[in-house]
Amino acid sequence: MREFARIGGSSHREPDLSEVVAQVAGGDQDAFATLYDSIAGPVFGLVLRVLRDPAQSEEVAQEVMVEVWRHAARFRPEQGSVMAWVMTMAHRRAVDRVRSEQAATERDRRSARREHTPAYDQVSEEVTVRLESEQVRRCLQSLTELQKQAVTLAYYHGYTYREVAASLSAPLGTVKTRLRDGLIRLRDCMGVNA
Amino acid sequence: MNEEHLHAPSGAYALDALPDDERDEFERHLRDCPACAQEVRELSATAARLGSAVASAPPAALKEQVLSRISTVRQLPPTFLPGVSAPQPTSGRMGRLPRLVLAACVAAATAFGGVAVWQHQEAWQAEEQAQRAEQRAADMARVLVAPDARTVTASGKGGAKATVVVSREENSAVFLASGLPELPSGKTYQLWFADGGKMRPAGLTRTDGGLVMEGDVDGASGVGVTVEPAGGSPQPTSTPLMLMTLPA
Ligand SMILES: [Zn+2]
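In order, the protein sequences belong to chains W and F. The opening residue of the first sequence carries number 1 in the working numbering; numbering runs sequentially from there. The opening residue of the second sequence carries number 1001 in the working numbering; numbering runs sequentially from there.
If you're looking for bench data, these hints aren't it; they were derived computationally from the structure. In this text the structure is predicted, and so the values were computed from the model without any measurement. It is possible that some hints are incorrect.
[Stated by the list, open to error] Quick look at which bits of chain W chain F covers, simulated, 3 or more residues with Cβ under 8 Å:
| id | stretch |
| --- | --- |
| 1 | 18-30 |
| 2 | 41-49 |
| 3 | 55-65 |
| 4 | 69-78 |
| 5 | 82-90 |
| 6 | 156-170 |
| 7 | 182-193 |
[Stated by the list, open to error] Here are the computed lysine to any residue pairs in the SDA-like style, where the Cα-Cα straight-line distance is at most 20 Å:
| id | chain 1 | residue 1 | chain 2 | residue 2 |
| --- | --- | --- | --- | --- |
| 8 | F | K1063 | W | Q102 |
| 9 | F | K1187 | F | D1208 |
| 10 | F | K1063 | W | E63 |
| 11 | F | K1063 | W | M190 |
| 12 | F | K1063 | W | E59 |
[What the hints assert, rightly or not] So the derived list for chain F, only partly shown, Cβ under 10 Å to chain W, looks like this:
| id | residue |
| --- | --- |
| 13 | S1056 |
| 14 | Q1065 |
| 15 | L1067 |
Glycine included, every Cβ here is placed at the ideal spot set by N, Cα and C.
Next up, chain W with everything else stripped away, as it sits in the complex:
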């Protein structure tokens, strides 16, 4: 396991979140307030990144928080960190919102997207510039261009790999593979364990 200095972000030592979640699981609302302070920024930021609409993002972030409360007793520390657990829920919920809207207003969305979505190279550039974490930025830069664009479109835009393939004019199988080897490279670069 590699150690990385933490650059940027909060410098204070975070409380052990899995202990906090254990208290939340027992119905402790004060503990939940503590947990909220640690996860609200990442959750809201991610949801906003995917949905782009602040009002909707607030709604979805609230749903995610309530889900965390409801499911706290089912969190299992041996299967991963609290942050990974929460962010997985947040991303899933944001993507669900995108897709259900997509189904409802496929046509509107297509025209809206044409107006609002910049070309993908601009997108990944923009995302990379705005990233708070130096380490994540550096690791993203270590990907091949196709890996970076595929991962960025899938994660930050909530695209399915089919939509990614269409955006990048790349074969489906290639995109699937790039999403996997791109994430594997990121995992190794960031020293993620699970």
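Guided by the hints, dock chain F with the ligand onto chain W, whose structure is given.
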């Protein structure tokens, strides 16, 4: 379908980038493939880091809203409890099968529905899983109580027993096993419908219990069980452990 192909969606899965049908398929694969389950855990944790990197403070009012909302929301219990209660075993008969057998099947179906590969899936899909478990139990019950349901039983090595309940009317079959030897990781039991000389894949299982076989019975003349690499095979790659001839 080769191994590589089966594992390939792990990245797309961790990024929530699989369409629903492919996601369901990959989740079935995850149940039998510890290597993929571990990879998914790691890649999801990696994706979560991408998420944390775009953190942004929510409006201050959100905290109060959330705190007041959770004070009225009931928390889920730690153990997964699907919305199906297993019937009480009693004597007497239901359709052509003893109620006890039915109870065992339904219990197994719901237990199977509660198996979570990893916690994110469980946390997120608990309700969905409960519904699926109910659906599975209902599908199973429909076959078991069908007026034309017939059973065939076979024994394998080491006290393993398998029963197939088939309803031509429902065009569906239930596989029920007990005493199946535990498999090494990377292996699964695969069920097959025999159509003439051909074997047609009919689902995977790693454990005792009951499940509705995948696919229609149609003209199948038999059911076989083989041991296959995790994820299953398009054609049997080993000699069947058990073969049962279905009643016409
Ligand atoms: Zn696999």
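Each hint tested on the structure:
1. Closer than 8 Å: that is the beta-carbon criterion, and the stretch 18-30 of chain W has 3 residues meeting it against chain F, so the requirement of 3 holds.
2. Given a C-beta distance limit of less than 8 Å, the hint that chain F covers the stretch 41-49 of chain W holds, as 8 residues qualify and 3 suffice.
3. For the stretch 55-65 of chain W, the stated coverage by chain F is satisfied: 4 residues place a CB nearer than 8 Å to a CB of that chain, which reaches the threshold of 3.
4. Only residues whose C-beta sits within less than 8 Å of a C-beta in chain F count toward coverage, and the stretch 69-78 of chain W has 8 of them, enough to reach three; the restraint holds.
5. Only when three residues or more bring their CB closer than 8 Å to a CB of chain F does the claim for the stretch 82-90 of chain W stand; here the count is 8, and the claim holds.
6. Coverage of a stretch by a chain is defined here by at least three residues with a beta carbon nearer than 8 Å to that chain's beta carbons; for the stretch 156-170 of chain W and chain F the count is 7, and the condition holds.
7. Look at the stretch 182-193 of chain W against chain F: 8 of its residues bring a Cβ nearer than 8 Å to a Cβ of that chain, three or more, so the hint holds.
8. The suggested pairing of K1063/F with Q102/W is violated, with an alpha-carbon distance near 29 Å, which exceeds 20 Å.
9. The hinted pair formed by K1187/F and D1208/F meets the criterion: a straight-line CA distance of about 15 Å does not exceed 20 Å.
10. Pair hint K1063/F plus E63/W holds up; C-alpha atoms about 12 Å apart against a cutoff of 20 Å.
11. Taken as a hint, the K1063/F and M190/W pair is broken in the structure, with Cα atoms around 31 Å apart against an allowance of 20 Å.
12. Simply put, K1063/F and E59/W have alpha-carbon atoms about 12 Å apart, close enough for the 20 Å limit, and the pair holds.
13. Because the closest C-beta pair between S1056/F and chain W is about 3 Å apart, less than 10 Å, the hint holds.
14. Evaluation of the Q1065/F hint against chain W yields a held restraint, the C-beta minimum of about 6 Å falling below 10 Å.
15. The restraint placing L1067/F at the interface with chain W holds, with a minimum CB-CB distance near 6 Å, inside the 10 Å limit.
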